[in-house]
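Hey, can you work out the whole structure from these sequences and the hints?
2 protein chains.
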Amino acid sequence: MSDNRTEVSTLGEFGLIDHLTKNIEIQNASTIIGVGDDAAVIDHFGKQTVVTNDLLLEGVHFDLMYTPLKHLGYKTIVVNVSDICAMNATPTHVILGLGFSNRFSLEALEEFYEGVYAACEKYGVDLIGGDTTSSQKGFIISCTAIGEVAPDKYVKRSGARKGDLLCVTGDLGGAFLGLTLLEREKKIFMESPGVQPDLEGEKYIVGRILKPEARKDIIEFFANNDITPTSMIDVSDGLSSEILHICKNSQVGCVLYEEKIPIAEESRMAAFKFNLDPTACALSGGEDYELLFTMKQDDYDKITLSEQISVIGYITDPDAGAHIITKGGGKHPITAQGWNALKGE
Amino acid sequence: MSDNRTEVSTLGEFGLIDHLTKNIEIQNASTIIGVGDDAAVIDHFGKQTVVTNDLLLEGVHFDLMYTPLKHLGYKTIVVNVSDICAMNATPTHVILGLGFSNRFSLEALEEFYEGVYAACEKYGVDLIGGDTTSSQKGFIISCTAIGEVAPDKYVKRSGARKGDLLCVTGDLGGAFLGLTLLEREKKIFMESPGVQPDLEGEKYIVGRILKPEARKDIIEFFANNDITPTSMIDVSDGLSSEILHICKNSQVGCVLYEEKIPIAEESRMAAFKFNLDPTACALSGGEDYELLFTMKQDDYDKITLSEQISVIGYITDPDAGAHIITKGGGKHPITAQGWNALKGE
Numbered sequence: 001m002s003d004n005r006t007e008v009s010t011l012g013e014f015g016l017i018d019h020l021t022k023n024i025e026i027q028n029a030s031t032i033i034g035v036g037d038d039a040a041v042i043d044h045f046g047k048q049t050v051v052t053n054d055l056l057l058e059g060v061h062f063d064l065m066y067t068p069l070k071h072l073g074y075k076t077i078v079v080n081v082s083d084i085c086a087m088n089a090t091p092t093h094v095i096l097g098l099g100f101s102n103r104f105s106l107e108a109l110e111e112f113y114e115g116v117y118a119a120c121e122k123y124g125v126d127l128i129g130g131d132t133t134s135s136q137k138g139f140i141i142s143c144t145a146i147g148e149v150a151p152d153k154y155v156k157r158s159g160a161r162k163g164d165l166l167c168v169t170g171d172l173g174g175a176f177l178g179l180t181l182l183e184r185e186k187k188i189f190m191e192s193p194g195v196q197p198d199l200e201g202e203k204y205i206v207g208r209i210l211k212p213e214a215r216k217d218i219i220e221f222f223a224n225n226d227i228t229p230t231s232m233i234d235v236s237d238g239l240s241s242e243i244l245h246i247c248k249n250s251q252v253g254c255v256l257y258e259e260k261i262p263i264a265e266e267s268r269m270a271a272f273k274f275n276l277d278p279t280a281c282a283l284s285g286g287e288d289y290e291l292l293f294t295m296k297q298d299d300y301d302k303i304t305l306s307e308q309i310s311v312i313g314y315i316t317d318p319d320a321g322a323h324i325i326t327k328g329g330g331k332h333p334i335t336a337q338g339w340n341a342l343k344g345e
Numbered sequence: 346m347s348d349n350r351t352e353v354s355t356l357g358e359f360g361l362i363d364h365l366t367k368n369i370e371i372q373n374a375s376t377i378i379g380v381g382d383d384a385a386v387i388d389h390f391g392k393q394t395v396v397t398n399d400l401l402l403e404g405v406h407f408d409l410m411y412t413p414l415k416h417l418g419y420k421t422i423v424v425n426v427s428d429i430c431a432m433n434a435t436p437t438h439v440i441l442g443l444g445f446s447n448r449f450s451l452e453a454l455e456e457f458y459e460g461v462y463a464a465c466e467k468y469g470v471d472l473i474g475g476d477t478t479s480s481q482k483g484f485i486i487s488c489t490a491i492g493e494v495a496p497d498k499y500v501k502r503s504g505a506r507k508g509d510l511l512c513v514t515g516d517l518g519g520a521f522l523g524l525t526l527l528e529r530e531k532k533i534f535m536e537s538p539g540v541q542p543d544l545e546g547e548k549y550i551v552g553r554i555l556k557p558e559a560r561k562d563i564i565e566f567f568a569n570n571d572i573t574p575t576s577m578i579d580v581s582d583g584l585s586s587e588i589l590h591i592c593k594n595s596q597v598g599c600v601l602y603e604e605k606i607p608i609a610e611e612s613r614m615a616a617f618k619f620n621l622d623p624t625a626c627a628l629s630g631g632e633d634y635e636l637l638f639t640m641k642q643d644d645y646d647k648i649t650l651s652e653q654i655s656v657i658g659y660i661t662d663p664d665a666g667a668h669i670i671t672k673g674g675g676k677h678p679i680t681a682q683g684w685n686a687l688k689g690e
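Sequence lines, in order, name chains A and B. Here the first sequence is numbered in my numbering, starting from 1 and rising by one per residue. Here the second sequence is numbered in my numbering, starting from 346 and rising by one per residue.
Since the hints were derived computationally from the structure, they do not count as laboratory data.
Straight-line Cα separation of at most 20 Å, EDC-like style, residue types lysine to aspartate or glutamate; simulated pairs:
id, chain 1, residue 1, chain 2, residue 2
1, A, K302, A, E220
2, A, K153, A, D217
3, A, K248, B, D476
4, A, K248, B, E358
5, A, K47, B, D388
6, B, K467, B, E456
7, B, K467, B, E565
8, A, K248, B, D363
9, A, K273, A, E183
10, B, K593, A, D131
11, B, K498, B, D388
12, B, K556, B, E611
13, B, K482, A, D63
14, B, K498, B, D643
15, A, K162, A, D298
16, A, K137, B, D408
17, B, K482, B, E358
18, A, K47, B, D497
19, B, K498, A, D43
20, B, K593, A, E13
21, A, K162, A, D317
22, A, K22, A, E121
23, B, K593, B, D664
24, B, K593, A, D18
25, A, K137, A, D63
26, B, K392, A, D43
27, A, K153, B, D388
28, B, K467, B, E558
29, A, K187, A, D63
30, B, K605, B, D644
31, B, K556, B, D408
32, B, K556, B, E459
33, B, K392, A, D152
34, A, K331, A, E259
Here are some chain A residues the structure puts well away from chain B; computed CB gaps all over 12 Å:
id, residue
35, P68
36, I188
37, G201
This one's a predicted model, so the numbers in the text were calculated from it and none came from an experiment. Glycine is no exception: its CB is placed at the ideal position from the N, C-alpha and C atoms.
Here it is in structure tokens:
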């Protein structure tokens, strides 16, 4: 952050929005009206429109003590883009609503928007609305993302069928381990403020929590290889929770193989240091923003083209329930402990 | 509010959303997927999509001491629907994000949603996403509204031209006077908790602030009578501020006649009681959610069909600036004092 501090009040609300949005470059032909009117107008003729919204609150979803505002801006866009991708749609537009108290300077907001613009550029989306408001306390972020999909090509959580393969992209558990590390360093800092954080060698897991990416590349891979998943969801609350969502919504059961769950070597190392089970981190940690999906067995050959996709199990009858087969050969029901449960350990 | 109190935590996050959204009845054929997936899908084939978002914060935008949650839910939808109408578009969908601390019970949230559903029914919009999250403090509402408009029939703030008539719907200043009354009663109550509020005879102005309506009827009137305004904005920050937005965005000036500004008799009476100038309330008070628009003089005959529309002035060259001609014949520049300035009086 720069040393300069400009009070937001010197610009006024409308001046602030003008200032923060003046450098927007429109990337989508479908953007007819962007920031600066009562509403934005988009044109998705011949396509269906996909919309999602997320509310992110300081102290609940992020801690500004170890989250740089630029990263937070980037992540805000990524989290919403990820939801659009999870519908097998292409993200096209975002609208931001920000609430902040007067402890935030203009320079701080500019930093946040820098991250927003970086993510918009990376994912090819246009910021078409930017509302700001004062808050009594804390930083409040509301983000709406919009995408497009060819008619009826969207993928819901409810389409998984018996015999389908259960797949996931990238690797899991890293974001939770990154958060664990940052929380530990924060605690040390609070107790001995002179001590500087030791994040050496932990770049991967810290990056997973502070600067995640959405799997738009996978949506493009699906399109290029003529793959339509039967169901899909993004991994924001942990693998267990997402698998149970698909099972519930599709009214199916599943078998998951522990040994097939993709976990990065950096995450295994970190888990070892923290005395955590890497599999538990993948199952119950969240915020990896990978895609969990099911597909017909016939499409198996097509996905072997991507190193980013792991087959981790298969779909069964609902009566069979949702189970994990551990490395030792044990069979246990999958339970949705989620992030919060793990945090409490 | 009911005497029962159910802790939200007994349902869990997903259970809560299920509970609050289980009775949704879809009203629009364009709603393909609503609540319950990563994102919603809508189909506006052959139309353009209009999107807006508002963030409403307890203590900044509303005071729960005198705002019933049901009214707040209703108003949340109205405020966003109003922005869609201000684009000359038809509202079709809304997405809600709610943050609340554990002081809110399930019954309180149900009450809020009752108001949301009442407004959705009234305006024919579908709730297609409902995210909830815990907050450390206060009630936080993020609402995204979506609408549709025939290709290129949207109306921006920037289309006003010299000679156009300046018009406004309904009447102005009532919401500000209602708020003034409620703030006064709150102050009395804080000083002498035994005293019950005296709102008798003030139903109109209290209704204007607590349960405003969006002018969807005017958009329908425009369509039925083949009127396309040249520019439009909704009156959320006060007439002065909105007129200046249109002048700035359209690069024009204007003349506004004080005597033409529509003010309800109930508002005049209340202003008299509070020693306030009714015109100042209309100019600088906000939240009336009426529509301010400009149109070609040729369309004048068409708007005389509606008693809900007042011609209050006309558009001039930009060099002439924006002025108000007072009842006494004086000519003064229009300044955007807005709501906050008036509040401080």
